[in-house]
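Q: Letter by letter, the chains look like this.
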Amino acid sequence: MNKLFFQSAVVSTVLSYLLIFVGGLVRVSGSGLGCPDWPKCFGRWIPPTNISQIPEYIDPSSFNIVLAWIEYGNRLLGVIVGLSIVVMTMIAIIYIRKNKKILFNSLLALFLVGANGGLGAIVVSSVLNPFIVSLHMILALFLVSVLSYLCIEGYKIENNDSFSNVFLSKKISFSLITLWIVIVIEILLGTGIRTNLELIAVDNPLFSKGELLSSLNNYKYLHTVLGFSLLFLSLYLCFLFRRDNLGLSKQLVYFILVMIIIQIFLGELMIFFELPQLTRLFHTWGSSWLVGIIIILYNSLQYEQA
Amino acid sequence: MSKLSKRIILLFFVIISLGFVGLFVIDKATNSRINNIGVIGKVPNFSLTNFDGEEVTSSILNNKITIVNFMFTQCEDACLIMSENLSLLQERFAQSNDIQFLSITTDPDFDSLEILNDYQRKYSKKNNWFFARGNIIDIINLSEKGFFLSAKLLPAGHSTRLILVDQNNQIRKYYEGTVDVNIFEMQSDIVTLINQM
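Protein sequence lines correspond, in order, to chains G and W. Start counting the first sequence at 1; every next residue gets the next number (the working numbering). Start counting the second sequence at 1001; every next residue gets the next number (the working numbering).
Here chain W stands alone, though its shape is the one from the complex:
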């Protein structure tokens, strides 16, 4: 065999092997994304009141992907960033009817329905975002026992994490609501969940 054809065969072999390596890695990465949003727990039953006076119960979580967070309207830094990030996600997924948002106030003494209504008007551009209030004890219980997030020294002591809940009321993953990288990641996890629905 000539030197040239040996070289061509070698090159061909190297490229085919790299192709297999590439396929393997891409496949691994795709599967790791699905495995990385395993079920963490089930959201317990709850009953709250939406800004429009309607009742919000755990049954609203059925058959939708829900992003849940805890916040209060007088909170200055973290809540604003979280609300802006959620607003951005709401806009980006506006075409989908499979996704919704639930913000629960940790300051029900101040956050009346009227104040919540004013607040939601500023951030929500679609009617798939609940801003709910309820009994403070229920909210602490929901945060600590339902979502495993600490709720000490409320209202300011609430968690700044976003909770991804799937269509079967199951907690799938938490994200730091103020960090861009985590929002970016949440977005791709939502796409993965929607594609699996």
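Chain G extracted, bound-state conformation:
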């Protein structure tokens, strides 16, 4: 049964990451208002495929079949993620309720996925208020953090023998915690930049992307500076792991370094090429990966010490 829980946690986590990708796609393609109502789309459980299917109380001029289906895809995947977390939580309650960490975090994940679904309704009714859209994403990051933690805890109860030969020294523990906190701050700064860009864009619809970027406050540079400091932090982590075998932990440390380099590259790409949508999508998605991977790494090491 332990294995079953671990598998359900992995499925929930993978699906949630996919959901963050799809949600990002909704934001960059500007499809958030593809369905003007919630939870139904134009009053239907299956979005209309034809303009004649739109109910009378909704203005048909706002109907765009492509945008409707992109937005609805996000909602459908959200429902699937919700169901997978329900199943995972049920397994946790029935079979491993003695493990309070797992039980509590499963329930937390269930609460978060429900709350974020509800927040999705407010996103639509607020006509895509940039603050609420960003909050919707931050809550999703919170969710994948909890799920990543459940994955590694699930792995631990299933594999009692150690799978890594690195002990959690004070130094490693401290630098990992610092890395995680700085990444969270970095994500909040990045979200702030996006929020402000959208706020400026609503009031100045004719601004080019370059004009939008240059009308941001100077604190946008903080995001870049912090990005480079993350690079050095992760290099230091690689240095701490230099003597280890290429086990799971060392692979993860390298992965973090590579991800941070890719993130910096994507970030610079956005400034020089004026925010291409696909780059924005992967930059956001990459940040969610980092949050989860550090949690997995930290908790895989903690285990070694016990």
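Do not rely on the hints blindly, as some may be mistaken.
No farther apart than 27 angstroms at their CA atoms in a straight line, the calculated lysine-lysine pairs in the DSS-like style are these [stated by the list, open to error]:
1) G:Lys40 <-> W:Lys1028
2) G:Lys40 <-> G:Lys170
3) W:Lys1006 <-> W:Lys1064
4) W:Lys1006 <-> G:Lys3
Since the hints were made in silico from the structure, they are not lab data.
Given chain G, put chain W in place with the hints provided.
A: Coordinates of chain W only, in the frame set by chain G:
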């Protein structure tokens, strides 16, 4: 091949595929926006009088993107919201000389040029917004036959829709003038049209 390199290749493959999916979806969404503002019809010729006494004919629509609506100054709820929304759009597109506004009164008996002038002073911050009056029969005809909007029991029975007219006098799309979502959408459609000019 080791387990690790297999995993890396798999990951790489998944990300590349997602990248293509992303590109495809973004491209579809962009094109759908352009296709969604197809030509609905041509605005017929008309002749009205602006609040400043100048003649307003259909030729003012040439080479500009125009947002047209029907209203009257004594109207209490819908017209106020519509006028405020138009005022907001006027402010947001103030930098552009490619956009203009035309509000046509459905109550020409009461809305004299003087009253229209007072009204426009309250909402219009730039000289690209016409407030026009004319013969009531002409206005009913223009609404019903020109813009395909019902005009029964005037003045209150006018439509609360905003009409987006392109630089070639063509009706491109209608928006509910009192609903925020539709104003938001109209704004992005105007940007799409301006970029195509």
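Q: If a hint holds in the structure, say so; if it doesn't, say that too.
A: Evaluation of the provided hints:
Between Lys40 of chain G and Lys1028 of chain W, the direct Cα distance comes to roughly 22 angstroms. Compliance with the 27 angstroms bound is thereby established for this hinted pair. Distance check on the hinted pair: Lys40 of chain G and Lys170 of chain G sit about 51 angstroms apart at the alpha-carbon level, beyond 27 angstroms; violated. Pair hint Lys1006 of chain W plus Lys1064 of chain W does not hold up; C-alpha atoms about 58 angstroms apart against a cutoff of 27 angstroms. Our distance criterion of 27 angstroms between C-alpha atoms is met by Lys1006 of chain W and Lys3 of chain G, whose separation comes to about 23 angstroms.
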